[in-house]
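So you can see what is in the structure, the chains are spelled out below.
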Amino acid sequence: MMIHRVVRDLVTSKRNFWLAAKSLRVVEDCNGNLEVALDPIGTKPGDYVVTIGISAARIAAGNPKITTDLTIGGIIDYWDEDRWHG
Amino acid sequence: MMIHRVVRDLVTSKRNFWLAAKSLRVVEDCNGNLEVALDPIGTKPGDYVVTIGISAARIAAGNPKITTDLTIGGIIDYWDEDRWHG
Amino acid sequence: MMIHRVVRDLVTSKRNFWLAAKSLRVVEDCNGNLEVALDPIGTKPGDYVVTIGISAARIAAGNPKITTDLTIGGIIDYWDEDRWHG
Amino acid sequence: MMIHRVVRDLVTSKRNFWLAAKSLRVVEDCNGNLEVALDPIGTKPGDYVVTIGISAARIAAGNPKITTDLTIGGIIDYWDEDRWHG
Amino acid sequence: MMIHRVVRDLVTSKRNFWLAAKSLRVVEDCNGNLEVALDPIGTKPGDYVVTIGISAARIAAGNPKITTDLTIGGIIDYWDEDRWHG
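Protein chains in written order, with our numbering: chain C, 1 to 86; chain A, 1 to 86; chain R, 1 to 86; chain E, 1 to 86; chain X, 1 to 86.
FYI, nobody ran anything at the bench for these hints, they're computed from the structure. Since this is a predicted model, take the numbers as computed values, not measurements. Beta carbons are placed, not taken as given, at the ideal position from N, Cα and C, and that holds for glycine. A couple of the hints might just be wrong.
[Unchecked claim] Taking lysine-lysine pairs in the DSSO-like style, the calculated list, with each CA pair at most 30 Å apart, reads:
#1 R:K44 <-> C:K22
#2 C:K44 <-> A:K14
#3 R:K22 <-> X:K14
#4 A:K14 <-> C:K22
#5 A:K22 <-> C:K14
#6 C:K65 <-> E:K65
#7 R:K22 <-> X:K22
#8 E:K65 <-> X:K22
#9 C:K44 <-> R:K22
#10 A:K65 <-> A:K14
#11 A:K65 <-> X:K44
#12 R:K65 <-> E:K65
#13 C:K22 <-> A:K22
[What the hints assert, rightly or not] Computed spacing ranges between beta-carbons, pair by pair:
#14 R:G32 <-> A:D77: 36 to 44 Å
#15 A:Y78 <-> R:S13: 29 to 37 Å
#16 R:A21 <-> X:S13: 47 to 55 Å
#17 R:P45 <-> C:S13: 18 to 26 Å
#18 R:K65 <-> C:F17: 39 to 47 Å
#19 R:E81 <-> A:D80: 16 to 24 Å
#20 E:A20 <-> C:F17: 22 to 30 Å
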């Protein structure tokens with residue numbers, strides 16, 4: 001699993017059926033690389049989170065039919081920002 | 001999931017059975033790296049899109065027998081091109 | 001499988017149901033890149049471990065419903081730290 | 001999916017059962033990185049091809065028991081070699 | 001699939017149940033990056049091998065319950081070491 005910081009929501013006008021009603025967040029890693037994660041637990045910009053990839057991402061979304069390859073799995077209580085260069 | 005920009009169509013004369021009738025797009029990430037994504041929703045060059053990888057790509061294609069590892073999942077309404085160096 | 005060194009525990013206050021009661025460890029590779037791994041065998045900071053990714057990570061967790069993409073699979077008896085620049 | 005150029009055949013004397021009778025090709029990406037792909041469609045050195053990874057690679061091989069993680073999915077009709085630094 | 005060179009055995013005192021009786025090898029790619037692969041066919045240090053990743057790694061291990069994400073699939077008869085900088 002990866003450690004990401006939530007940047008903001010992602011708005012898409014035209015979207016795959018199984019993602020349609022889901023919250024998507026733009027997240028960044030410690031080098032500033034961006035990815036998009038499904039958020040089933042409710043996060044806000046600035047939160048440090050654990051993200052789950054691979055087939056586990058679909059299970060973590062609560063329904064393996066949900067077409068995600070990255071899902072937020074938890075909010076980290078404290079994260080040392082010194083390692084963060086984003 | 002990744003953020004990609006659609007570059008153009010990909011034409012292949014000889015193709016795997018399950019990809020045969022599908023639209024393929026060349027897409028690039030913010031560093032200009034190219035990949036090929038299946039497009040089940042209809043995009044055009046220049047669109048910023050969310051792409052879905054791993055086993056979720058097959059589900060997002062509408063049929064898990066479709067042999068894709070990257071499928072376009074949505075068109076992003078607005079994307080800040082400042083992050084884009086492609 | 002990858003070789004990682006255990007850095008410390010990861011504490012998350014809000015966590016995905018299937019990860020809820022599991023031990024998570026922050027691990028680093030030889031370049032100092034951090035990831036988070038589920039620990040079903042009991043490791044301590046400083047241990048060199050083999051980590052298992054992809055769908056095998058869920059099986060290695062003891063239950064394929066557990067939403068992990070990286071699971072510690074074994075403690076390495078001896079590891080040459082000369083290769084380690086973390 | 002990735003874009004690769006076929007370099008040559010790969011000959012292995014001792015091979016996994018499910019790969020035993022299959023054609024394997026050494027392929028390279030635009031940076032010259034080498035990988036090995038299963039070739040179910042018949043390619044020749046110099047062909048630019050679309051390669052399929054992840055679990056879709058096994059399906060693209062025609063039988064999900066075939067132990068490949070990269071399978072050639074199509075031959076690209078025309079590819080601009082200017083992007084190619086291999 | 002990747003091309004790796006076998007470096008040596010990996011000894012682990014405490015190991016996941018499904019890996020318990022299996023041979024693990026430390027392997028390196030052409031840049032000297034190390035990974036750990038399950039070896040169902042019998043290799044020795046210095047051998048150039050094809051390694052299989054993703055879910056195919058478990059199938060290549062002979063039993064999909066075996067928790068590997070990288071399995072040696074064949075020994076390469078001849079490999080040009082000029083490409084090898086490890």
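How the hints compare with the structure:
1. R:K44 <-> C:K22: Outside the cut-off at roughly 37 Å; violated.
2. C:K44 <-> A:K14: Not OK: C:K44 and A:K14 at ~47 Å, beyond 30 Å, violated.
3. R:K22 <-> X:K14: Holds - the C-alpha atoms of X:K14 and R:K22 are around 19 Å apart, at most 30 Å.
4. A:K14 <-> C:K22: violated, 37 Å
5. A:K22 <-> C:K14: Roughly 19 Å between the alpha carbons, so the hint for A:K22 and C:K14 holds.
6. C:K65 <-> E:K65: holds, 23 Å
7. R:K22 <-> X:K22: Roughly 26 Å separates the two Cα atoms, so the pair holds.
8. E:K65 <-> X:K22: The hint holds at about 21 Å.
9. C:K44 <-> R:K22: holds, 24 Å
10. A:K65 <-> A:K14: Satisfied, since the Cα-Cα distance of roughly 19 Å is no more than 30 Å.
11. A:K65 <-> X:K44: Answer violated: A:K65 to X:K44 is near 38 Å, above 30 Å.
12. R:K65 <-> E:K65: holds, 23 Å
13. C:K22 <-> A:K22: holds, 26 Å
14. R:G32 <-> A:D77: 36 to 44 Å: holds, 37 Å
15. A:Y78 <-> R:S13: 29 to 37 Å: holds, 33 Å
16. R:A21 <-> X:S13: 47 to 55 Å: violated, 26 Å
17. R:P45 <-> C:S13: 18 to 26 Å: Check failed, 47 Å falls outside 18 to 26 Å.
18. R:K65 <-> C:F17: 39 to 47 Å: Hint violated: Cβ distance 24 Å, outside 39 to 47 Å.
19. R:E81 <-> A:D80: 16 to 24 Å: violated, 43 Å
20. E:A20 <-> C:F17: 22 to 30 Å: violated, 40 Å
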